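Colleague: Using the sequences and the accompanying hints, generate a full structural model.
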Amino acid sequence: MYLIIVGAGAVTKQLISTAKEQGHKVAVIEKNPQRARDIMQEFDVNIFHADIAEGKILEEAGVTHADAIIATTNDDSVNLMAMVLGKQYGVKSLITLLQEREQQAMFEKLGIRVLSDPEKLIAQKLYSLIDLEK
Amino acid sequence: MGISKNSQSIRTVLRDIGLLLHVPGVMALVSLPVCWLSGETYALVPLLTCAIASLAVGQLLYRQTKSQASNRIPYAMATAALGWLLVPLFASIPLLMTANAPNLAPDLSTTILMFQNPWNSIFEAFSGFTSTGLSMAFNYSELPHTIQWWRSLMEWVGGVGVIVLVISLLEPTTEPYQLYNAEGRSQRIGLTLSQTVKRIWWIYVIYTIGSILLFRIVGMNWWEALNHGMTGIATGGFSVSESSIANYGIAVKLAVILVMTLGAISFSAHYEVLRYRKLSAFWADNQHQALWILLSLGTILLWGFHRLANRDVAFIDVLFQWSSALGTCGFSTVSVSDWDGGAKLLMTLIMAIGGAAGSTAGGIKLSRFVIIFKAIVWRFRRVTLLPHEMMRYQLNGKILKEAEASRRVDAAAVLAILWLSISITGVFILQYLKLPNYNLSDVIFEVASATSGVGLSTGITHPDLPWLGKLTLILLMWMGRLEIISALLLLSLPLKILANRK
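Residue numbers (our numbering), protein chains in the order written: chain A, 11 to 144; chain B, 2 to 503.
Each hint should be verified, as a subset may be incorrect.
Said to hold, decoys possible - Taking CB as the label site, the calculated pair distances span:
#1 A/Asp141 / B/Leu192: 48 to 56 Å
#2 B/Glu172 / A/Lys35: 54 to 62 Å
#3 B/Ala247 / A/Lys35: 55 to 63 Å
#4 B/Ile294 / A/Gln32: 30 to 38 Å
#5 A/Lys35 / B/Ile294: 28 to 36 Å
#6 A/Pro43 / B/Arg276: 30 to 38 Å
#7 A/Gln32 / B/Pro388: 28 to 36 Å
#8 A/Ser138 / B/Leu387: 43 to 51 Å
#9 B/Leu421 / A/Gln24: 47 to 55 Å
#10 A/Phe53 / B/Ile418: 35 to 43 Å
#11 B/Trp293 / A/Ser27: 27 to 35 Å
#12 B/Ile294 / A/Leu131: 45 to 53 Å
#13 A/Lys35 / B/Gly250: 56 to 64 Å
Think of the hints as simulated: they come from the structure by calculation, not from any bench.
Since we're looking at a predicted model, the values are computed, not measured.
Even for Gly, the Cβ is constructed at its ideal location relative to N, Cα and C.
Modeller: Here it is in structure tokens:
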């Protein structure tokens with residue numbers, strides 16, 4: 011599979027290493043050069059230094075043969091843009107992180123899989139680890 | 002005001018040159034026991050003259066001003082370049098005077114008499130301090146012990162650097178780090194520069210003692226082990242045996258190969274190994290990886306060249322000559338003069354590249370070779386890069402910023418071009434001296450050997466070489482040792498002063 015990841019945050023590194031372990035090809039789009047270099051230091055992946063809003067960047071990254079786009083930035087509007095563009099190119103899997111839960115319905119209406127509020131997920135997982143019987 | 006500042010700067014230069022001139026003086030004093038133990042009384046006056054002259058001129062220059070003004074980089078470079086011109090001149094005094102001594106033992110061979118010619122003595126001193134190893138002596142074993150020791154000592158001190166020696170003991174007025182840079186070094190293996198140079202000296206002393214003991218164990222006598230240990234780790238290559246290492250057994254040859262290779266490894270890698278017992282430091286960075294690759298591939302290639310030419314050279318000798326050229330040491334076990342042009346050219350290439358940066362070896366240095374090689378790879382990769390795709394500038398496992406990468410490529414390329422330019426100039430001069438029996442490939446070999454401070458010779462270095470040829474090789478050794486830029490800066494100073502006068 012070929013995955014395009016938009017944004018190079020902490021999640022991205024975990025994502026890349028998992029995807030690489032499974033033998034998938036990965037490209038990363040990031041507009042901050044320092045963060046882009048951080049990724050480059052650790053992983054042998056293609057990195058595009060650009061803003062997703064710059065017209066043809068997804069095309070440059072080979073979106074036509076991409077199997078999935080994963081948006082991981084902290085900015086919902088950037089994530090939305092990535093998803094909408096991905097849909098236009100007909101990418102099968104569109105996945106995004108979401109900060110504002112209220113937007114979830116809108117994203118889902120577009121056929122995008124959403125992971126909203128990652129902190130809440132972590133909190134729930136932590137809570138589930140407590141042995142409540144005692 | 003500009004003029005007074007200028008003269009102030011020049012005073013600081015002279016003051017620091019004065020410090021540097023203490024080096025040959027103290028070296029001569031240290032050598033007195035050798036003269037006494039070997040009973041070579043005729044060498045006593047020459048050594049004392051050298052000591053008195055260097056120390057007197059040194060003190061005179063040092064005390065002429067109490068200037069404490071620190072100098073800018075160009076002056077630091079001028080200091081290094083001028084110091085490296087004057088120190089060997091003073092160090093040639095014992096050679097010249099011993100050869101001309103009236104009470105010279107009559108049973109000595111003609112070898113020492115060649116040093117009656119000042120050109121030969123000066124050549125030998127420059128070859129020594131630049132740890133090159135080209136020699137005007139026919140038969141090293143017939144030189145007086147004092148002279149043998151003096152040649153080895155020059156290489157030993159020159160190998161690690163006169164300036165490194167001075168800033169580890171004394172305090173020059175010029176910013177020491179600039180002087181350290183001007184001598185062709187940049188690595189730090191400590192928090193401060195004084196810590197760095199002290200560590201360099203400790204490592205150097207430890208390895209020297211180790212080499213001497215190793216050579217003794219594998220079969221040299223103490224005197225040979227002492228001298229070869231000193232010149233081997235300095236990647237100098239002056240020998241005290243007739244025809245260098247040729248007449249020793251295989252154990253000695255292997256031991257010398259080991260020491261020459263250690264000399265081509267940078268002090269920072271040695272520090273890691275000695276201090277933290279991390280043997281992997283010997284191949285952790287790109288330049289040392291290049292060292293091992295070039296060492297093994299080159300040996301096989303050179304061996305193949307000899308097979309093709311139907312020349313019967315033993316594998317151990319091929320390995321020996323190759324590591325001697327790569328480490329810019331200059332010991333030899335066979336004569337290269339009857340090798341064919343292809344083999345000589347191959348040797349010339351590896352001599353040009355030389356050992357690791359931050360070692361005692363000369364040449365363009367492996368770190369620069371690696372950068373230039375990478376620059377070629379990067380250039381091709383950039384062609385295929387998409388408009389926004391980020392370029393991966395990877396060096397020693399780290400990702401460099403584009404500006405940093407291109408700065409390093411620039412510096413390495415400029416030095417390589419300068420190295421080529423001065424070498425080509427040297428080739429033209431030697432070629433037009435119309436030396437009998439030597440063709441162009443011999444001339445190119447000899448010039449590369451001098452510029453990189455190697456010391457392997459096709460035979461052009463000879464007392465019969467016209468003075469212009471000797472001067473050319475002297476200047477090449479001098480410029481090569483200082484990594485050219487300091488030397489060119491010093492040579493350009495008179496022009497600059499003339500231009501300012503208008």
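Colleague: Take the hints in turn and mark each one as holding or not.
Modeller: A quick look at each hint next to the structure:
1. A/Asp141 / B/Leu192: 48 to 56 Å: holds (51 Å)
2. B/Glu172 / A/Lys35: 54 to 62 Å: The hint (54 to 62 Å, Cβ to Cβ) holds, given that B/Glu172 and A/Lys35 are roughly 59 Å apart.
3. B/Ala247 / A/Lys35: 55 to 63 Å: holds (58 Å)
4. B/Ile294 / A/Gln32: 30 to 38 Å: Hint holds: Cβ distance 34 Å, inside 30 to 38 Å.
5. A/Lys35 / B/Ile294: 28 to 36 Å: Roughly 30 Å apart at Cβ, these two residues keep to the hinted range, so it holds.
6. A/Pro43 / B/Arg276: 30 to 38 Å: holds (36 Å)
7. A/Gln32 / B/Pro388: 28 to 36 Å: holds (29 Å)
8. A/Ser138 / B/Leu387: 43 to 51 Å: holds (44 Å)
9. B/Leu421 / A/Gln24: 47 to 55 Å: holds (50 Å)
10. A/Phe53 / B/Ile418: 35 to 43 Å: holds (36 Å)
11. B/Trp293 / A/Ser27: 27 to 35 Å: Between B/Trp293 and A/Ser27, where Cβ atoms are some 31 Å apart, the hint holds.
12. B/Ile294 / A/Leu131: 45 to 53 Å: holds (50 Å)
13. A/Lys35 / B/Gly250: 56 to 64 Å: holds (58 Å)
Hint compliance for this structure: every hint is met.
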